[in-house]
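S.K.: Just so you know, the sequences run in chain order A and B.
The C-terminal residue of the first sequence carries number 498 in the numbering used here, and the numbering is unbroken.
The C-terminal residue of the second sequence carries number 305 in the numbering used here, and the numbering is unbroken.
Simulated from the structure, these hints should not be mistaken for lab results.
Every residue, glycine too, gets a C-beta built ideally from N, C-alpha and C.
Please note: incorrect hints may appear among the correct ones.
Claimed, not checked - Straight-line alpha carbon distances no greater than 35 Å define the calculated DSBU-like cross-link-like pairs of lysine-lysine that follow:
(1) A/193 with A/62
(2) B/44 with A/129
(3) B/114 with A/388
(4) A/447 with A/330
(5) A/325 with A/270
(6) B/113 with B/219
(7) A/249 with A/207
(8) A/193 with A/119
(9) B/44 with A/166
(10) A/119 with B/44
(11) B/44 with A/141
(12) A/423 with B/219
(13) A/388 with A/325
(14) A/119 with B/114
(15) A/388 with B/18
(16) B/113 with B/209
(17) A/330 with A/446
(18) A/207 with A/104
(19) A/62 with A/475
(20) A/423 with B/18
(21) B/18 with B/113
(22) B/44 with A/270
(23) A/388 with A/141
(24) A/270 with A/388
(25) A/104 with B/44
(26) A/207 with A/166
(27) A/423 with A/141
(28) A/475 with A/446
(29) A/62 with A/129
(30) A/207 with A/141
(31) A/270 with B/18
(32) A/277 with A/423
(33) A/104 with A/166
(34) B/18 with A/166
As the list claims (entries may be wrong) - If you only want the chain A side, here are some residues facing chain B, beta carbon under 10 Å, derived:
(35) 383
(36) 386
(37) 415
(38) 419
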Amino acid sequence: MKSLRMLTIGAALLASSTVMAADLRVALQDDPDVLDPHLARTFVGRIVFTSLCDKLVDINDKLEVVPQIATEWTWNDDNTVLTMKLREGAVFHDGAVIDAEAVKANLDRARSNDESLRKSELASISDVKVVDANTLEITLKAADAGFLAQLTDRAGMLMSPASFDKNPGQNPVCSGPYKLVDRVQNDRIVLEKFADHWNADNYHFDKVTFTPIPDATVRLANLRSGDVDIIERVAPSDLPTVESDANIKLSSVTGLGYQAIEVNMANGAKADHPLGKDARLRQALNLSIDRDVINEVVGAGTYTPALQAFPPASFAFNEEFGNQKRDVEKAKALIKEAGFDRVPVEISYGNNTIMQQVFELVQAMGAEAGFDITLRPTEFAALQSALKAGDFYVGQSGWSGRVDPDGNIHQYVSCGGGLNDMKYCNEEVDRLLNAARTTSDTAERKKLYDEAQVILQQDMPVIYLFYLPWPFAHKASLEGFIPVPDGMIRLENVKLAQ
Amino acid sequence: MAIPTLFLVSLIVFGLQKLLPGDPLLTMAGEERDPAVIEFLREKYRLNDPFYMQYLYWVRDVLTGDFGNSLRTGVPVSTLIAQKLPVTIQLAVMAMIFALLIGIPTGIMSAVKKGKAPDYAANAIALSGVSIPNFWLGIILIMVVSVQWRLLPASGYVPLTEDPIQSLRTMLMPSFVLATALGAYLMRHTRSAMLGVLSSDYIRTAKAKGLMPRVVVLKHALRNALMPIVTLTTLLFGELLAGAVLTEQVFTIPGFGKLIVDAVFTRDYAVVQGVVLCTAVGFIFMNLLADILYILINPRLRHPQ
Chain A
1 MKSLRMLTIG
11 AALLASSTVM
21 AADLRVALQD
31 DPDVLDPHLA
41 RTFVGRIVFT
51 SLCDKLVDIN
61 DKLEVVPQIA
71 TEWTWNDDNT
81 VLTMKLREGA
91 VFHDGAVIDA
101 EAVKANLDRA
111 RSNDESLRKS
121 ELASISDVKV
131 VDANTLEITL
141 KAADAGFLAQ
151 LTDRAGMLMS
161 PASFDKNPGQ
171 NPVCSGPYKL
181 VDRVQNDRIV
191 LEKFADHWNA
201 DNYHFDKVTF
211 TPIPDATVRL
221 ANLRSGDVDI
231 IERVAPSDLP
241 TVESDANIKL
251 SSVTGLGYQA
261 IEVNMANGAK
271 ADHPLGKDAR
281 LRQALNLSID
291 RDVINEVVGA
301 GTYTPALQAF
311 PPASFAFNEE
321 FGNQKRDVEK
331 AKALIKEAGF
341 DRVPVEISYG
351 NNTIMQQVFE
361 LVQAMGAEAG
371 FDITLRPTEF
381 AALQSALKAG
391 DFYVGQSGWS
401 GRVDPDGNIH
411 QYVSCGGGLN
421 DMKYCNEEVD
431 RLLNAARTTS
441 DTAERKKLYD
451 EAQVILQQDM
461 PVIYLFYLPW
471 PFAHKASLEG
481 FIPVPDGMIR
491 LENVKLAQ
Chain B
1 MAIPTLFLVS
11 LIVFGLQKLL
21 PGDPLLTMAG
31 EERDPAVIEF
41 LREKYRLNDP
51 FYMQYLYWVR
61 DVLTGDFGNS
71 LRTGVPVSTL
81 IAQKLPVTIQ
91 LAVMAMIFAL
101 LIGIPTGIMS
111 AVKKGKAPDY
121 AANAIALSGV
131 SIPNFWLGII
141 LIMVVSVQWR
151 LLPASGYVPL
161 TEDPIQSLRT
171 MLMPSFVLAT
181 ALGAYLMRHT
191 RSAMLGVLSS
201 DYIRTAKAKG
211 LMPRVVVLKH
221 ALRNALMPIV
231 TLTTLLFGEL
241 LAGAVLTEQV
251 FTIPGFGKLI
261 VDAVFTRDYA
271 VVQGVVLCTA
281 VGFIFMNLLA
291 DILYILINPR
301 LRHPQ
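Can you build the whole structure from these sequences, using the hints too?
M.R.: So, in structure tokens, the structure goes:
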């Protein structure tokens, strides 16, 4: 009798749970931070926002700007006034109508709130004017070609103005296809379908749950066991497993961001080292690296080699620089020309497995050309402080990428740029990058970026290594998912087949 | 005794955190480095004040019941603790039950059958229990039990109050993984305590009286051997309350371990302080519990001379 009871309990414990097909479970790499788009910082937070908060405009997989809350928009002749028509009938999760007043309130808050991190993204706005209930006029201080692209991300997200003073970081009231019902930090964020969304017919899940699962292998195991439906950032070493499992599918896309090496050129005492002083040595290090090897060995073919800040999906991408190959002889010649036999280099980088492998390869490849590279793995928070304070010779540099090319380069290499930890400064580069901001003609912008790139290839303050991929894996029964280079999960028209 | 201990613990942890290189606001800002915002937050969270003032502010707030807010998410630390504590307690209790079920019977058996096959087998199992890393065993279990056999959920956590069966199912593997090492420690201690007692005179007397071997072992020997086992169990349980970082990470359990490790990595001072304080209270409580259990087990301690 006793054993029978034990068996029954055991069977009950082991019986697999039934899951509603109309629910979607997403596994993220980290736990998002605050859910207030104006204050938020994390990449995974943006994935949640994609379902939670509508934006003025969105991008598609070809990086074209497409309507979301703004249905059409026009620029005046000198590209300083943007007039946007807003969608009629769109409402926030609290039922308030999204009108021009509400959009203005959002842009104003994003530009003025003390803790807002969107200020630099919206810095070119001089005035926002409500023309009528559905028309908004944004006046810029000067022409800014990247401005519209800023509105495709958090800077263009809308919250109900009534929620501004009700702790939106914890209780966001947006207008996206899903609204927040529950959040337990480090455990789950649960969204439920917003029936009054203007595009509700094209969203097919009743509930979407985001769970942070930091370990990539465990994330994949959860997908394979059927506990989640889609995961982001599959580890390169797990790709063969994904391919061998018929129940799951890989959807990978080359992203907008990159991994690179930056050289301290004028940030404090540590700028005084051979690489910081002689551009020929930086060129030599660049030439000594075989990016195809990094791609094959560490990236399992997903780490597309990068030799410039712009991803292949961007109009600013320059084919010419994209095809450079490793040239050890030329590297050796440059080192000799600079008056060196062996060049000592110390590289600081974040102490994770992937970066360890990457920099061990860089170390080995550099050695063949004449670089004696010392590796300095550093805990991430300490690394960031070290880079900012100039406590590095050569450091790891990474960027998650932006839609407009300006976002991938200006802050990093312009004199005094916010993320320019190397303190690299070339006035001609600044002039070209600033000029590329003022025109909206992509052909002309590309020409300016090309010119800037020629100088950057000479000065070589940043040695690009590879573009960050966004490898998603999902159940084979998940239909309609299109990976976009910004790494977001857009659920429009996505379904789970029965 | 408890109050000065807590005070000292909090002071040491606060000091150690400040010694770590790295700036919480810079880490938090990541790619969004707006100097004006960073400066505003630095003022808001009093990070510009001298070290001792920051600590005094923290003590003052804690004495009024305010543990501060997480720098990263703005959530009050007390809310975070209230969310994670039940998870950690459930994991600790289940792991301890498994560990006791594994450790004590095998320990007794191996002491009774000293030098025979069951003793060697139990020792081999104990050695592997201590040596096998938890994260490895965890991943292997997920691969076999969840991915291959599809018997249990691979990871995650369901509150006991929400769905008891599902909650037990999600916690089964992680608590078992934790229990392997703990069970092995318990087995070794039970064995040596039992061996000490079994060779004493009164046991020989009991055997000579013609008592059944089972009664001799379980009633006469075990009770006297329990003292070191109780000490070890309460200490191990206190450790479990501090969170099991790797196991939580592998099974994605939102407990104390994950919380404090994330907080240390992002230099989220208030969270680290709050969790450490809570864990220290847990430890002190477990010590108290051990003292009470001693008295229950050992009648000689009940009447002070």
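S.K.: Hint by hint, say whether it matches the structure.
M.R.: Hint-by-hint comparison with the structure:
1. A/193 with A/62: Holds, because 27 Å separates the two Cα atoms, which is no more than 35 Å.
2. B/44 with A/129: holds, 32 Å
3. B/114 with A/388: Violated: residue 114 of chain B and residue 388 of chain A sit about 63 Å apart, past 35 Å.
4. A/447 with A/330: Holds, at about 28 Å.
5. A/325 with A/270: With Cα atoms ~30 Å apart, residue 325 of chain A and residue 270 of chain A stay inside 35 Å; holds.
6. B/113 with B/219: holds, 17 Å
7. A/249 with A/207: Given that 35 Å is the threshold and the Cα spacing comes to 22 Å, the pair holds.
8. A/193 with A/119: Within the cut-off at roughly 31 Å; holds.
9. B/44 with A/166: Between residue 44 of chain B and residue 166 of chain A the Cα gap is close to 19 Å, so the pair holds against 35 Å.
10. A/119 with B/44: holds, 19 Å
11. B/44 with A/141: holds, 31 Å
12. A/423 with B/219: violated, 76 Å
13. A/388 with A/325: holds, 31 Å
14. A/119 with B/114: violated, 73 Å
15. A/388 with B/18: holds, 18 Å
16. B/113 with B/209: holds, 21 Å
17. A/330 with A/446: holds, 29 Å
18. A/207 with A/104: holds, 31 Å
19. A/62 with A/475: holds, 24 Å
20. A/423 with B/18: Answer holds: residue 423 of chain A to residue 18 of chain B is near 28 Å, not above 35 Å.
21. B/18 with B/113: Violated - the C-alpha atoms of residue 113 of chain B and residue 18 of chain B are around 54 Å apart, more than 35 Å.
22. B/44 with A/270: holds, 33 Å
23. A/388 with A/141: This hinted pair holds, its Cα atoms lying about 30 Å apart.
24. A/270 with A/388: Within the cut-off at roughly 12 Å; holds.
25. A/104 with B/44: It holds: about 27 Å lies between the C-alpha atoms, which stays within 35 Å.
26. A/207 with A/166: It holds: about 24 Å lies between the C-alpha atoms, which stays within 35 Å.
27. A/423 with A/141: holds, 27 Å
28. A/475 with A/446: Violated. Residue 475 of chain A to residue 446 of chain A sits at ~40 Å, over the 35 Å cutoff.
29. A/62 with A/129: Holds. Residue 62 of chain A to residue 129 of chain A sits at ~31 Å (cutoff 35 Å).
30. A/207 with A/141: Not satisfied, since the Cα-Cα distance of roughly 43 Å exceeds 35 Å.
31. A/270 with B/18: holds, 25 Å
32. A/277 with A/423: Roughly 13 Å separates the two Cα atoms, so the pair holds.
33. A/104 with A/166: The hint holds at about 19 Å.
34. B/18 with A/166: holds, 33 Å
35. 383: Given a least distance of 8 Å, the restraint on residue 383 of chain A holds.
36. 386: holds, 7 Å
37. 415: Status violated, d = 16 Å.
38. 419: holds, 6 Å
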